[in-house]
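A.B. asks: Knowing the structure of chain A, use the given hints to seat chain B on it.
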Amino acid sequence: MNARLLLQTWRWQRVRLLVIVVAAIGWGSLFPIFYSAFSDALRSLANAGTIPKELFNFGSGSLFTLPGALTLGLEHPISLAMLGVFAVGATTGAIAGERQRGTLEVLLARPISRRTLYITVAVALLAVIGLVLAAILAGMAIGAATQGLLNQIDLGQLPLVFANGLLLWGAFAAFGLATSVSFDRTGPALGLTMAYVLLNYFLEILGSLLTDAAWTQKYSLFHHFQPGQILTGKADALDFFILAVAVVIPVVYALIAFPRRDLAAPS
Amino acid sequence: MESSSPAPVIATRDLTKHYGKVEALTGLTLGVRPGEVFGFLGPNGAGKSTLIRTLLGFLHPTAGEATVLGLDVVRESVEIRGRTGYLPGGIALYDSLSGGDVLDYLADLQGQEPIRRGELCDRLQMTGTVLKRKVRDYSRGMRQKIGVIQALQHDPELAILDEPTEGLDPLMQHAFYGILEDLGHEGRTVFFSSHVLSEVERVCDRVAIIRAGRLMALHDVGELLARRRRRVTLRWTGAAPDLTNIPGLEDVVVRGDRMIGTLSGHVAPFVRAIASPNLEDLTIEPARLEEAFLEYYAEDGGPTESAAGDAPEAAETTG
Chain A
237 MNARLLLQTW
247 RWQRVRLLVI
257 VVAAIGWGSL
267 FPIFYSAFSD
277 ALRSLANAGT
287 IPKELFNFGS
297 GSLFTLPGAL
307 TLGLEHPISL
317 AMLGVFAVGA
327 TTGAIAGERQ
337 RGTLEVLLAR
347 PISRRTLYIT
357 VAVALLAVIG
367 LVLAAILAGM
377 AIGAATQGLL
387 NQIDLGQLPL
397 VFANGLLLWG
407 AFAAFGLATS
417 VSFDRTGPAL
427 GLTMAYVLLN
437 YFLEILGSLL
447 TDAAWTQKYS
457 LFHHFQPGQI
467 LTGKADALDF
477 FILAVAVVIP
487 VVYALIAFPR
497 RDLAAPS
Chain B
19 MESSSPAPVI
29 ATRDLTKHYG
39 KVEALTGLTL
49 GVRPGEVFGF
59 LGPNGAGKST
69 LIRTLLGFLH
79 PTAGEATVLG
89 LDVVRESVEI
99 RGRTGYLPGG
109 IALYDSLSGG
119 DVLDYLADLQ
129 GQEPIRRGEL
139 CDRLQMTGTV
149 LKRKVRDYSR
159 GMRQKIGVIQ
169 ALQHDPELAI
179 LDEPTEGLDP
189 LMQHAFYGIL
199 EDLGHEGRTV
209 FFSSHVLSEV
219 ERVCDRVAII
229 RAGRLMALHD
239 VGELLARRRR
249 RVTLRWTGAA
259 PDLTNIPGLE
269 DVVVRGDRMI
279 GTLSGHVAPF
289 VRAIASPNLE
299 DLTIEPARLE
309 EAFLEYYAED
319 GGPTESAAGD
329 APEAAETTG
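Residue numbers (this note's numbering), protein chains in the order written: chain A, 237 to 503; chain B, 19 to 337.
No lab work stands behind these hints: they were computed from the structure. Only true hints are included.
Listed below are the simulated SDA-like cross-link pairs for lysine to any residue, each with C-alpha atoms no more than 20 Å apart in a straight line: (1) 150(B) - 248(A); (2) 152(B) - 136(B); (3) 152(B) - 244(A).
Remember, predicted model here, so these are calculated numbers, not experimental data.
In isolation and in its complexed conformation, chain A is listed as follows (with noise of 0.2 Å):
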């Protein structure tokens, strides 16, 4: 790993990563604060049957327990897109983007092989989306705690579902740096990740809200990100084990394919 390289890319990223942080904590802080305010509500509309029961349980959280809507904050397409920023915008853009710049050779025309500059930006970026995450995190508990309502989470768990979420968004942004390292441009990388998460999304929303289809959500990846289970001690292993293969699978091609790859001169 090389320490100039690391600091310099999360110079790149300093900005946009103060903004995404602050307002993560924000929306981090509503959940606890609509689970508060409208959880009774709700329930009671879903046992009168005014509104479907599925609408109440998007993805894997539900507005009628505290875990269950962190849950659904943390798989809100807000908080989707404040991660993607970094796990799909920026880890395509890593490689791809230096060589549609054309300023790739100039950084490998330093003694920098391309597995450690690979590497240095995987941990980069890593840390940028750990951070973002670690204040979606921050920002629930934040809200939890004005309303009264830690009680009703374990506090000790929340390490679990970062490292439970950082896994989910490594195996995003590792599938997003192996299209970076692929590919001479931008666009078909980002396309590509886009439509991997995208796709693992649907996969997840489709199986939650049609009973019919429920077993779709064992092939996303999304599935396996279970805050609301961990913050009720309930954490599956083998939901950890699955993302940390996804994590690693992009990880090696990357590794391997990235060295081997003729970088021609830019067009």
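C.D. replies: Below, chain B without anything else, positioned relative to chain A:
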């Protein structure tokens, strides 16, 4: 005692690079000596950048082998780049950084002190004020100057420069040639590509020509220029000088008080022969490398124009 020539700084043997069916380089064998300023010439798309990128490990050879500073270009490219300064053709820089920040960043990544930066900035007129401006506000020439500085600021053993004068105005080209001359005098090895023959004659010790991925010629510049036939013009008053039996003088045409001809080889016998109080004017046009090459090819039945036209343009851009 038997003397052995020093190991070449760059050595390729039967180096071949194909992109699918496109032959970007075919069986290229050449050696660059230590302390040499070596010009690598060829039309656009001839394979110059492909060779450079292969030497630096950006591309992997299809066949053959190459070493730089005694290191294998495939297995030891990181070590090569640690001892080399590289200017890519049409360099791209980080637009959001200032010129000075770019140089600092790249020097940090190089892991060596930029001991030549001050001198290079002075010679290329990159003042402190200019270096504080963002790269996005730079002209093409200023970007190229930053490119030259970043390649040479750490005083590398070997400089590999791809079309280094591209975008530089004549004044800066002159300054750049001065830098190359000094590097040569200091024993640094410089390998640079160009598609302009006249660009290399001033600074290069040897020059290679590549066309369609094949090495067409490899010459000592001095020898090549010495072979060149110079155009001479004489003007006199009174009696015409005796122009018979002057070694190397050919194609003589006398019109009144003026003679035009071509002269090959050394000029001393010619100057001695024409020395006379009647001599009013003498012009000997300097030998141009471009013409020397054209003559060389004409004499040796070198490559035809169509061969140059066959150069695979895509070879330098196809990934």
